[in-house]
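Student: Residue strings, one per chain:
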Amino acid sequence: MTYTSPVPITDGHVYAGSSLELRGLSMAYGDIEVLRDVSLEVAPGTTTCIIGPSGSGKSTLLRGVNRLHEPSRGDVLLAGRSILDQKPDSVRRRIGLVFQHFNLFPDHTALENVALALRNVKRMSKANATRIAMERLTEVGLAERADHRPRDLSGGQQQRVAIARALAMEPEVMLFDEATSALDPELVKGVLNLMAGLAQRGMTMLVVTHEMGFARKVADQVVFMDEGRVVEQGAPGDLFDRPRSPRLQRFLSEVL
Amino acid sequence: MDWLDTLVATFLDFEAMWQVFPQMLGTGLVNTLVISIAATLIGIVLGMVVAIMGISRSRWLRIPARVYTDIFRGLPAILTILLIGQGFARLSQQVFGPSPYPLGILALSLIASAYIGEIFRAGIQSVDRGQLEACRALGMSYGSAMRLVVVPQGVRRVLPALVNQFIAIVKDSSLVYFLGLLVSERELFRVGQDAAVLTGNLSPLVLAGLFYLVITVPLTHLVNYFDDRFRTGRRTAAPPKSGLDEVEEQTPSPALTYGENS
Chain A
518 MTYTSPVPIT
528 DGHVYAGSSL
538 ELRGLSMAYG
548 DIEVLRDVSL
558 EVAPGTTTCI
568 IGPSGSGKST
578 LLRGVNRLHE
588 PSRGDVLLAG
598 RSILDQKPDS
608 VRRRIGLVFQ
618 HFNLFPDHTA
628 LENVALALRN
638 VKRMSKANAT
648 RIAMERLTEV
658 GLAERADHRP
668 RDLSGGQQQR
678 VAIARALAME
688 PEVMLFDEAT
698 SALDPELVKG
708 VLNLMAGLAQ
718 RGMTMLVVTH
728 EMGFARKVAD
738 QVVFMDEGRV
748 VEQGAPGDLF
758 DRPRSPRLQR
768 FLSEVL
Chain B
434 MDWLDTLVAT
444 FLDFEAMWQV
454 FPQMLGTGLV
464 NTLVISIAAT
474 LIGIVLGMVV
484 AIMGISRSRW
494 LRIPARVYTD
504 IFRGLPAILT
514 ILLIGQGFAR
524 LSQQVFGPSP
534 YPLGILALSL
544 IASAYIGEIF
554 RAGIQSVDRG
564 QLEACRALGM
574 SYGSAMRLVV
584 VPQGVRRVLP
594 ALVNQFIAIV
604 KDSSLVYFLG
614 LLVSERELFR
624 VGQDAAVLTG
634 NLSPLVLAGL
644 FYLVITVPLT
654 HLVNYFDDRF
664 RTGRRTAAPP
674 KSGLDEVEEQ
684 TPSPALTYGE
694 NS
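Keeping their order, the protein sequence lines are chains A and B. For what it's worth, this note's numbering labels the leading residue of the first sequence as 518, then goes sequentially. For what it's worth, this note's numbering labels the leading residue of the second sequence as 434, then goes sequentially.
Don't take every hint at face value.
[Said to hold, decoys possible] Quick list of the computed label-pair ranges, beta carbon to beta carbon: (1) GLU661/A - ILE496/B: 34 to 40 Å; (2) GLY572/A - SER675/B: 31 to 37 Å; (3) ARG590/A - PHE521/B: 53 to 59 Å; (4) ARG590/A - TYR658/B: 41 to 47 Å; (5) PRO605/A - VAL482/B: 23 to 29 Å.
Read the hints as simulated data drawn from the structure, not as lab findings. Glycine included, every Cβ here is placed at the ideal spot set by N, Cα and C.
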């Protein structure tokens, strides 16, 4: 499969992604440690895909990066500065998060979904927020559906609205938490294309995914996690073609 | 058929009903509605406060909300109405004058707020956690997220339960007569009761009952209608649409290829 950007790069938005670094990050739910001493560097404008079996702590890692769940140890650096010294809300508006189940606001139209945080967080005027929301919807190919409620959109369209909603805040880093896992198979590619386009245009992305084709072709770096630890990381070619650890070999033999 | 005549004379004396009808409409119905609607509105405001406190992460907000709810839900309505109505009579006299009417409304509001608080809490907690997380991930504060996204969804879900609560309040409003209302302040039950005592006939109370039913029965059916609509969700069925159409609408032009071809 090839991934094509839905927007020509030349007149699309260009993003200024920041660097992201995890240093010895550990996270726990109560007494249960689900992430153990994870260190990871994501260079500005690059894409890192995280793969691994369920329960390996991939989603938890993303939640730690924007402090939806507080890390128990370690640090996260956004553009070189620790996020733990900053207010969670101000960190979160610089980091976009896309969920597996979209989490669109059901009683808002697509446009209102995108505009809400612009109004509430960025304190934009209604006209400005609407203009930017419309631009972002156009970017994800949904300008014509601006007035639709989520329930009147397909899963793929909903996820594209969710991406537009995150992009509208002009994030420096985008996190994707299994963004295509809940989609019908024929709609997966549309969302992956959109993500590939973002990667091309300079966004820093941390992508938890089960789409091995996407990870192989779009990622600059692939990280394999299991039982809360990073087991193996490197260039996609190395990981997929020459996996060293038995765990990754086993995992790849199950999913490929 | 002596017993049938007695029965009709006791319960269905239209002459007695007709005589009390103007009072029933002009005084009784008006006051029942004023008391019930006022108590419901105040109960909704207080109930929202109790609900928000009840789901707070701080136990110093949660515990008082819990205790408040337990007390006002656990006591018989008549006990609360008497305690508030007579206990605060002096205080009320300085603020509202001699009528116990405002205290009756207050007591009903407190009872209602305990129930409505639970209704709101259940509704808000039934909203998918992802809604709050999506808001927080965008940088919105907890308060903004609740106010703009979570609470409106929760409230919409419990509208049927709120209407049920209003029906309960309409019925409970008859209890404020215990506080001794002025003639012009009497609600449906009291108007019927007075006329029944005066005529030695129960027909005015039957008429009062009919008035209650005129308020409550249509509302009950409104609830069922709401319930149906919320459960089935869709307003009009849309014809099925092929996912492949969507794939086509998204086809980029000109296509830019990324990564190696395979």
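Student: All hints are to be evaluated individually against the structure, with a verdict given for each.
Tutor: Quick rundown of the hints versus the structure:
For the pair GLU661/A and ILE496/B, the supplied restraint of 34 to 40 Å is violated, since their beta-carbon distance comes to about 52 Å. One distance hint, 31 to 37 Å for the beta-carbon pair GLY572/A and SER675/B, holds here, with the actual separation near 36 Å. Separation of ARG590/A from PHE521/B is about 56 Å and conforms to the stated range, judged on CB atoms against 53 to 59 Å. At roughly 55 Å, the beta-carbon separation of ARG590/A and TYR658/B lies outside the given 41 to 47 Å, and the hint is violated.
A hinted range of 23 to 29 Å for the beta carbons of PRO605/A and VAL482/B is consistent with their spacing of about 26 Å.
Going down the numbered hints, you'll see the structure goes against 1 and 4, while the others check out.
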